[in-house]
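Letter by letter, the chains look like this.
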Amino acid sequence: MSLAGGLGARWAFTENRIRSVYVYRTDILIWLIAPAMQLVLMAALWRAIYNGRSTLDGVSLSVMTTYVSLAAIQNLINWDDTIDWLTARVRDGKIGADMARPVGIVTQQVCGQVAQLIVKTPMIVLMLPVIFLFSDLSAPAEGALGWYLLSTLVGWLLNCCIGLLVASVVFWTLEMGGMEFLYSVLSGFLSGVLVPLWVMPDWLRTILEWLPWQAVVYTPLAIYVGRFEGTRVWQAIGVQFLWLAVIGGLTWLVWRRAVNRVVVQGG
Amino acid sequence: MTVRASVAWQLKAGGILLGGAIRGMAQYRADLFMTMAAGAVFQSVGFFALWVMLARFGEIGGWSISDVALLYGIRLVAHAVWALPFNQLRFVEDFVQEGTFDRFLIRPVNPLVQLMTSRFRLHPLGDLLAGLVLLIPAMSLVDVDWNAWRLGFLALAILGGGMVEGAFQLGMSAIAFRTLGTRQARFTVDSVFNLYGNYPGKVFGRAGQLALTILPVAFVAYLPTTVLLGRTDELGLPAWLAYLSPVVGALLFAGSYAFWHRQIRHYQGAGS
Chain B
1 MSLAGGLGAR
11 WAFTENRIRS
21 VYVYRTDILI
31 WLIAPAMQLV
41 LMAALWRAIY
51 NGRSTLDGVS
61 LSVMTTYVSL
71 AAIQNLINWD
81 DTIDWLTARV
91 RDGKIGADMA
101 RPVGIVTQQV
111 CGQVAQLIVK
121 TPMIVLMLPV
131 IFLFSDLSAP
141 AEGALGWYLL
151 STLVGWLLNC
161 CIGLLVASVV
171 FWTLEMGGME
181 FLYSVLSGFL
191 SGVLVPLWVM
201 PDWLRTILEW
211 LPWQAVVYTP
221 LAIYVGRFEG
231 TRVWQAIGVQ
241 FLWLAVIGGL
251 TWLVWRRAVN
261 RVVVQGG
Chain A
1001 MTVRASVAWQ
1011 LKAGGILLGG
1021 AIRGMAQYRA
1031 DLFMTMAAGA
1041 VFQSVGFFAL
1051 WVMLARFGEI
1061 GGWSISDVAL
1071 LYGIRLVAHA
1081 VWALPFNQLR
1091 FVEDFVQEGT
1101 FDRFLIRPVN
1111 PLVQLMTSRF
1121 RLHPLGDLLA
1131 GLVLLIPAMS
1141 LVDVDWNAWR
1151 LGFLALAILG
1161 GGMVEGAFQL
1171 GMSAIAFRTL
1181 GTRQARFTVD
1191 SVFNLYGNYP
1201 GKVFGRAGQL
1211 ALTILPVAFV
1221 AYLPTTVLLG
1231 RTDELGLPAW
1241 LAYLSPVVGA
1251 LLFAGSYAFW
1261 HRQIRHYQGA
1271 GS
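Protein chains in written order, with this note's numbering: chain B, 1 to 267; chain A, 1001 to 1272.
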């Protein structure tokens, strides 16, 4: 397949997935409700903890509420249905048809993730009223915007890879049985969506710093609010790329083996 | 349709049906423990996040971490109290859409009892476990003299709280007889209870606290916990309202059951 033809097929596939995401419009609204409610809760909790004080431990309330708002946006961007989708395809055997397509199976997943990103990014606008009513969103730290966007992109890519890796479990178990739900809850905490790492006790922060999830959400947010400055920004983005290489490589290896495990029953 | 009215008969039939459901579920042991663990972890993560915040900053709205743990524990146990017997309500719309609700109507057992026992799911046990793990240590850590009346009030509050949540879920599942799709609405209401029911209402400001009292999320755990901790002053509401929270649950549930019973008449078999 020529490069142009390959791109065309990929885009056609992505377009297709965009359409299928749009079919479930109410589900799209549900994606907004959960992070919006979470955002209102976290902003209220931080306000109550600050209890009228403008700074605590040298961190101002507006940094906290900005962090909370961005965490909701980041969560929205990173949430995707790869695990659910793949579980359903493996269970009902449609994965067989997927594998017969001229576009590789992993590429199809990536197209699916791109499709969801294209659908979800404009929805951030719908979050803004909630953000300004219940929380806050101050401007990024000086000169941090570009780094933040780069870091968000790398974080999103890393999240895609982690999603693919977790989803591949289904090739062996055929059934996720609550595991995908457990994973989404845990990764919310591990990535710093719920509580920023700098608030955590040292032992907990050390553990989380050695795990890949903080590179998905915490790193871009810490850059935005100015917790990371100067060379620390470089280092943090370097760590993100490192994780992307490690997890990306692992994902590629696991998926290469996984597709050999596929058994399509009936059909 | 003739349904034998005696409660004893309904209980006996319910017991037999439940036995079958439990035997069915026991075929999938690994899945069972996985879903239970998922329920417990899901509920614990929210508390753990708050614990991390308070370990650093001390208190929230004048509530220490053990005060909030008491509230959180009461909410989770109350949640399990309704979710254990009634979690099958989620599937009313599946039964309605597939037309399989018919069989509940032609058997001589209350359709709600049959629905409740159509399958047995263990994930609410995870909620119960997480709730008790919070509640029991919190009871010894908070500055409360656990005399007979407070223990009695705690038990009633948990039952009442379960009924408040159960009333909403029962009421919404009844709507499925008419409009079919209620999944989104139910999910949203469940999230509201899950997110805002676990924290002192005071945290959400005057307006938020009032909204949660009217909704009435605050009756599940916040209001009864202020009674136990002797903090009804912070409510800005008459204290008797907090003392009445178990009654509110019972009233709501009774109203909701009457509504369910009326809506069931609108069920139309989907053919097949």
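Treat the hints with care, since some could be wrong.
[To be verified] Computed Cβ-Cβ distance ranges for the label pairs, DEER-style:
#1 A:I1214 with B:N51: 20 to 28 Å
#2 B:D202 with A:G1205: 29 to 37 Å
#3 B:G6 with A:G1020: 51 to 59 Å
#4 B:T206 with A:A1008: 53 to 61 Å
#5 A:F1057 with B:I207: 36 to 44 Å
I should point out that these hints are in silico values taken from the structure, not numbers from a laboratory.
Being a predicted model, the structure only gives us computed values, none of them experimental.
Ideal Cβ placement from N, Cα and C applies to all residues, glycine included.
Comparing the hints with the structure gives:
1. For the hinted restraint 20 to 28 Å between A:I1214 and B:N51, the CB-CB distance of approximately 25 Å keeps it satisfied.
2. Remark: the range hint 29 to 37 Å for B:D202 to A:G1205 is upheld by a beta-carbon distance near 33 Å.
3. A beta carbon spacing of about 55 Å between B:G6 and A:G1020 agrees with the range 51 to 59 Å that was offered as a hint.
4. One distance hint, 53 to 61 Å for the beta-carbon pair B:T206 and A:A1008, holds here, with the actual separation near 60 Å.
5. The beta-carbon spacing between A:F1057 and B:I207, approximately 21 Å, falls outside the hinted interval of 36 to 44 Å.
Hint compliance for this structure: hint 5 is the single one not met.
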